[in-house]
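Trainee: Those protein sequence lines, which keep their order, are chains H and S. According to my numbering, the first sequence is numbered sequentially starting from 1. According to my numbering, the second sequence is numbered sequentially starting from 1.
In short, the hints are calculated from the structure, not lab data. The C-beta atom is built at its ideal place from N, Cα and C for all residues, glycine as well. Be aware that one or more of the hints could be misleading.
What the hints assert, rightly or not - Some, not all, of what chain H presents toward chain S, calculated at C-beta under 7 Å:
| id | residue |
| --- | --- |
| 1 | V98 |
| 2 | G218 |
| 3 | A222 |
Said to hold, decoys possible - Beta-carbon label-pair distances, calculated as ranges:
| id | chain 1 | residue 1 | chain 2 | residue 2 | range |
| --- | --- | --- | --- | --- | --- |
| 4 | H | G140 | S | L87 | 57 to 63 Å |
| 5 | H | R96 | S | G230 | 42 to 48 Å |
| 6 | S | A19 | H | V148 | 37 to 43 Å |
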Amino acid sequence: MKFTIKVWRQKNRTDAGRMAEYAVDGITPDMSFLEMMDQLNEQLIKAGEEPVAFDHDCREGICGSCNMMINGQAHGPERGATTCQVHMRSFRDGDRLVVEPWRAAAFPVIRDLVVDRSAFDRVIQSGGFVGVNTGGTPDGNAVPIPKVDQDRAMDAAQCIGCGACVAACPNASAMLFLSAKVGHLGALPQGQPERKARVKTMVAAHDREGFGHCTNIGECEAACPKEISTEFIMQLNRDYITSALSAVVRG
Amino acid sequence: MSQAINPKGARKYVAGTRAADWAGDYLGSTLGNKVLVAVTGLSLAAFVIGHLAGNLKMFSGRESINAYAYFLKHDLGVLIWVARAGLLGAFATHVALTIRLKLKTRAARPIGYATQKSAQASVQSKFMLSTGLVILAFTIFHLAHYTFCVIHPVEVNGVLVDYSQLTHKGKHDVYSMVVYGFSTPWISAIYVATQVILFLHLTHGLTSSLHTLGLLGRRFTPVARLAAYGFAGLVLAGNLTIVFAVWGGWLTLPSDVTAL
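Please construct the entire structure, taking both the sequences and the accompanying hints into account.
Mentor: Have a look at this one:
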């Protein structure tokens, strides 16, 4: 298979950046998108050019590093897949593929396709944790948790923090990420003590990082490689309103 | 013991416990703004349906709608001003906060994509600000047209008068005013076009508002989407019926139109 790759090249944080076009040949349909990028890079190295920098780690869809906007869609055309899980059979021979980094003020481009996602870390640091007793290992099942709640918490906890929700959102909002993080702790008994404070501080941190607002259009849900539902955004909204109302009377 | 003193000093306030802090923290965030936009949006939708019910009095006859208009304007006393202030407040909040959010959001993506493809967003959901601004412009036009009566002078018995001078049995003749308005092609064109825009705005706005208030879930989101189309369709059909009834000759100008 042959492809024309139109990819974003940017030397460093301050460089203005530009789109560059390269032709790649000898791609098999079974190659993953990242393997195709590797082949492109080998080609560039042989030609004495700088390879295209991109983040990648596990290459099995669980680390959330490989972030590319492929033809205007976060992680490419497959639903529920990260870039490394997208295979070249998803494209037609001879296609022209536009590859861009995530675009958001909160995710500055470091180089080519690599963006700085530490904004997510700061959002987590603001409240995405629970207070626990230290000491001996607690007995298993000492705290009874209904199966439905466990499943719900796990659905949200699948979030790998890749940032596709931000990339796909026309408003560059991180509400799906935020709601998954608030949601998985809020669904469990261990997350209850900080629940009302957590949602407040995490929403404030989200705003501080310069993410946009949610307009309930569901683009994030379609882009999410873990298929996290916008239902969690509704749960976040409920938690936020509850927190606000309780703060009226509790001071 | 010449003067009373408080040996314990003034009461100390803990930082972050004032009402202003609460409003700033909770209402000032993007999510808080959204909640306010949703609440005001739903109240405006409730007003729209009430307004439609009033409009439909056109079909129960000239006396009926004139009496209803008279009742609203003269018999409600201070309540009409409460309603007007509430409406204006809701409208202003809705518009101002949306613009504030939009400006913030524009800053959230300074460099756009070379290509971006939608996966599942509806078309109307991406044009909420544009459709909203059209509705704002229309509302101003609508007030100037039927409330302040400064848009469209009409000729009654050879004299050019404005709508507010039309009278019937001592009351403002709303019925004739509406018929005059919709008999004019350019005015009806504005009304028809804006009703379609309002339909689009409501179809996304209603579900989105309920979503923002956290009142939906997996089960009821599809139902709410259908209900929003039903509600918006009802508003569209109801209001357009009046325009079409004037065009089709169902609602006609009475023979005894008089002006003050």
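Trainee: Look at each hint and say if it fits the structure.
Mentor: Against the structure, the hints:
no. : hint                          : in the structure
1   : V98                           : holds, 5 Å
2   : G218                          : holds, 5 Å
3   : A222                          : holds, 3 Å
4   : H/G140 with S/L87: 57 to 63 Å : holds, 59 Å
5   : H/R96 with S/G230: 42 to 48 Å : holds, 43 Å
6   : S/A19 with H/V148: 37 to 43 Å : holds, 38 Å
Checked against the numbered hints given earlier, the structure satisfies every one of them.
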